[in-house]
Amino acid sequence: MPAQQPLVERMRGFGTTIFAEMSALAVATDSVNLGQGFPDTDGPAELLAAAAQAIRDGVNQYPPGPGIPALREAISDHQRACYGLDYDPDREVLVTAGATEAIAAALMALAGPGDEVLLVEPYYDSYAACVALAGARRRVVTLRRDGPGWLLDPAEVEAAVGPDTKVLVLNTPHNPTGAMLGADVLAALADVAVRHDLTVVSDEVYEHLLFDGRAHTPIATLPGMRERTVTISSAGKTFSVTGWKIGWVCAPPALLAAVRTVKQFLTYVNGAPFQPAIAAVLPRAAELAPAPALQAQRDRLCAGLAELGYDVVVPQATYFATVDLGAGADAADFCRELPHRAGVVAIPSSVFHDSPAGDGHVRFAFCKRPAVLDEALNRLGKVERRTS
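Just so you know, we're using this note's numbering here: the sequence shown kicks off at 1221 and counts up by one.
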């Protein structure tokens, strides 16, 4: 008799991530890895020095469960200074093991069996896994290609809301497209959330990685939204220290207490010496974030891909640009063949979708040194552009 499947049913289908698969393929083929979204340069020197000093000063044991007071106060000050949002650092701010833990804790706290969570596809892959961990069901609406950019139709979002819908997950600036939801779309989504009594989990980790003079608007700033929004962000993206895993949640007391109840049984605490370091530099987030360098890297990669004949959707923010391979293309096959053909790794956007809408889209990460981007473009230029 075959062995019983040990993995619980709700988590089947969440095996090895595409990032692990493609990173392993990059190593095996000695490819330039433009797949996984992490920078190949360090964060600000003063931030690294502050963490090293904290270690030397003995900040090496468990920090307080909600995060050290200095960091919670810095997060509160950041929300006030940047967006005019007032959060009590003791009752409305929680430090987490990166934004991914914050998302997991929020979804497991706010949705359960019988509930629906509404996601916007393409979505960061942990969203679907966290909905499954919660025992809830996911429903999706699609962010669609719209000429030079992307469009989310609030009417489609409202049409997807059912009697069991409890949570709407938003991600702006958006991974993987690099799109930013405009003021009119955010206002319409806020109206949907208020009228249908939805809690919004807002993933804003790319809030400081914006291009071409754009400004980020948290949905919590809109009328009726602060009291129903769980805002999530992270130091990893803002300061190019993705391995530190210092994230946070800002929410009204009842929602924050719910998230904290779950979070305490996940990692409990983390990153003791990193927390005071982040607290020291967070007031200068807008100054220290690498947005200008990333914008130059975006332009370098997007222009190079366009010169090679690819249809590039130029992003407004984040680490990523999308190539549209065209109708009938299979992005997954394209990405699995590309390391062998050209020595370059990218990620098929289809893995971020439930529907076929992303089957012809490929995500390239440009958060790499210019020389790395140039080498990738040089390799791509030496092979025939084959999209299907």
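By construction, these hints were calculated from the structure, which means they are not laboratory data. Hints may be right or wrong, so weigh each one.
[What the hints assert, rightly or not] Subject to a maximum C-alpha distance of 20 angstroms in a straight line, what follows is the list of computed SDA-like cross-link-like pairs (lysine to any residue):
id: 1; residue 1: 1465; residue 2: 1333
id: 2; residue 1: 1465; residue 2: 1602
id: 3; residue 1: 1386; residue 2: 1333
id: 4; residue 1: 1465; residue 2: 1489
id: 5; residue 1: 1602; residue 2: 1554
id: 6; residue 1: 1465; residue 2: 1560
id: 7; residue 1: 1386; residue 2: 1332
id: 8; residue 1: 1465; residue 2: 1501
id: 9; residue 1: 1386; residue 2: 1341
id: 10; residue 1: 1602; residue 2: 1524
id: 11; residue 1: 1465; residue 2: 1415
id: 12; residue 1: 1386; residue 2: 1417
id: 13; residue 1: 1465; residue 2: 1240
id: 14; residue 1: 1386; residue 2: 1414
id: 15; residue 1: 1465; residue 2: 1437
id: 16; residue 1: 1465; residue 2: 1266
id: 17; residue 1: 1602; residue 2: 1561
id: 18; residue 1: 1465; residue 2: 1289
id: 19; residue 1: 1465; residue 2: 1442
id: 20; residue 1: 1602; residue 2: 1560
id: 21; residue 1: 1386; residue 2: 1465
id: 22; residue 1: 1386; residue 2: 1368
id: 23; residue 1: 1465; residue 2: 1261
id: 24; residue 1: 1602; residue 2: 1336
id: 25; residue 1: 1386; residue 2: 1472
id: 26; residue 1: 1465; residue 2: 1336
id: 27; residue 1: 1465; residue 2: 1595
id: 28; residue 1: 1602; residue 2: 1563
id: 29; residue 1: 1602; residue 2: 1386
id: 30; residue 1: 1386; residue 2: 1376
id: 31; residue 1: 1386; residue 2: 1403
id: 32; residue 1: 1465; residue 2: 1407
id: 33; residue 1: 1386; residue 2: 1415
id: 34; residue 1: 1465; residue 2: 1504
id: 35; residue 1: 1602; residue 2: 1522
id: 36; residue 1: 1386; residue 2: 1365
id: 37; residue 1: 1386; residue 2: 1480
Every value quoted in this text rests on a predicted model; they were computed, and no experiment measured them.
Here's how the hints hold up against the structure:
Restraint check: the Cα-Cα separation between residue 1465 and residue 1333 comes to about 29 angstroms, which exceeds 20 angstroms; the hinted pair is violated. Of the supplied pair hints, the one linking residue 1465 and residue 1602 is violated, its CA atoms being roughly 38 angstroms apart against a limit of 20 angstroms. A threshold of 20 angstroms between alpha carbons decides the hint, and for residue 1386 with residue 1333 the separation of about 11 angstroms falls inside it, so the pair holds. Taking the CA atoms of residue 1465 and residue 1489, the gap is near 11 angstroms; set against the 20 angstroms cutoff, the hint holds.
Proximity of residue 1602 to residue 1554 is assessed by CA-CA distance (about 16 angstroms); at most 20 angstroms being required, the pair is judged to hold. Using a Cα cut-off of 20 angstroms, the hinted pair residue 1465 and residue 1560 is violated, with the two alpha carbons roughly 33 angstroms apart. Of the pairs offered as hints, the one joining residue 1386 and residue 1332 holds, with about 9 angstroms between alpha carbons and a cut-off of 20 angstroms not exceeded. In summary, the hint linking residue 1465 to residue 1501 is supported, as the alpha carbons are separated by about 16 angstroms, within the 20 angstroms threshold.
Of the pairs offered as hints, the one joining residue 1386 and residue 1341 holds, with about 18 angstroms between alpha carbons and a cut-off of 20 angstroms not exceeded. With a C-alpha separation of about 13 angstroms, the suggested pairing of residue 1602 with residue 1524 holds against the 20 angstroms cut-off. Under the criterion of a C-alpha separation no larger than 20 angstroms, the hint pairing residue 1465 with residue 1415 is inconsistent with the structure, at around 35 angstroms. For the hint linking residue 1386 to residue 1417, the alpha-carbon distance of about 8 angstroms falls within 20 angstroms, and the restraint holds.
With a C-alpha separation of about 18 angstroms, the suggested pair residue 1465 and residue 1240 falls inside the 20 angstroms cut-off, and the hint holds. The suggested pairing of residue 1386 with residue 1414 holds, with an alpha-carbon distance near 12 angstroms, which does not exceed 20 angstroms. For the suggested pair residue 1465 and residue 1437, the alpha carbons sit about 24 angstroms apart, so the restraint of at most 20 angstroms is broken. In summary, the hint linking residue 1465 to residue 1266 is supported, as the alpha carbons are separated by about 18 angstroms, within the 20 angstroms threshold.
This hinted pair checks out: residue 1602 and residue 1561 have alpha carbons roughly 9 angstroms apart, not beyond 20 angstroms. Proposed proximity of residue 1465 and residue 1289 is supported: the alpha carbons are some 18 angstroms apart, at most 20 angstroms. For the proposed pair residue 1465 and residue 1442, the alpha carbon gap of about 29 angstroms is over 20 angstroms, so the pair is violated. Pair hint residue 1602 plus residue 1560 holds up; C-alpha atoms about 13 angstroms apart against a cutoff of 20 angstroms.
Simply put, residue 1386 and residue 1465 have alpha-carbon atoms about 28 angstroms apart, too far for the 20 angstroms limit, and the pair is violated. Proposed proximity of residue 1386 and residue 1368 is contradicted: the alpha carbons are some 33 angstroms apart, above 20 angstroms. Between residue 1465 and residue 1261 the CA atoms are separated by roughly 16 angstroms; this keeps the pair inside 20 angstroms, and the hint holds. For the hint pairing residue 1602 with residue 1336, the CA-to-CA distance comes to about 47 angstroms; that exceeds 20 angstroms, so the pair is violated.
As the CA atoms of residue 1386 and residue 1472 are separated by approximately 17 angstroms, the hinted pair is consistent with the 20 angstroms bound. Taking the CA atoms of residue 1465 and residue 1336, the gap is about 28 angstroms. The hint is violated against a cut of 20 angstroms. For the hint linking residue 1465 to residue 1595, the alpha-carbon distance of about 30 angstroms lies beyond 20 angstroms, and the restraint is violated. For the hint linking residue 1602 to residue 1563, the alpha-carbon distance of about 10 angstroms falls within 20 angstroms, and the restraint holds.
Using a Cα cut-off of 20 angstroms, the hinted pair residue 1602 and residue 1386 is violated, with the two alpha carbons roughly 50 angstroms apart. Only pairs whose Cα atoms come within 20 angstroms are accepted, and residue 1386 paired with residue 1376 is accepted, the gap being roughly 17 angstroms. About 23 angstroms separates the Cα atoms of residue 1386 and residue 1403, which puts this hinted pair outside 20 angstroms; it is violated. Our distance criterion of 20 angstroms between C-alpha atoms is broken by residue 1465 and residue 1407, whose separation comes to about 31 angstroms.
Using a Cα cut-off of 20 angstroms, the hinted pair residue 1386 and residue 1415 holds, with the two alpha carbons roughly 12 angstroms apart. Between residue 1465 and residue 1504 the CA atoms are separated by roughly 19 angstroms; this keeps the pair inside 20 angstroms, and the hint holds. The suggested pairing of residue 1602 with residue 1522 holds, with an alpha-carbon distance near 17 angstroms, which does not exceed 20 angstroms. As the CA atoms of residue 1386 and residue 1365 are separated by approximately 27 angstroms, the hinted pair breaks the 20 angstroms bound.
The suggested pairing of residue 1386 with residue 1480 holds, with an alpha-carbon distance near 19 angstroms, which does not exceed 20 angstroms.
Violation of the numbered hints given earlier is confined to hints 1, 2, 6, 11, 15, 19, 21, 22, 24, 26, 27, 29, 31, 32 and 36; the remaining hints are satisfied by the structure.
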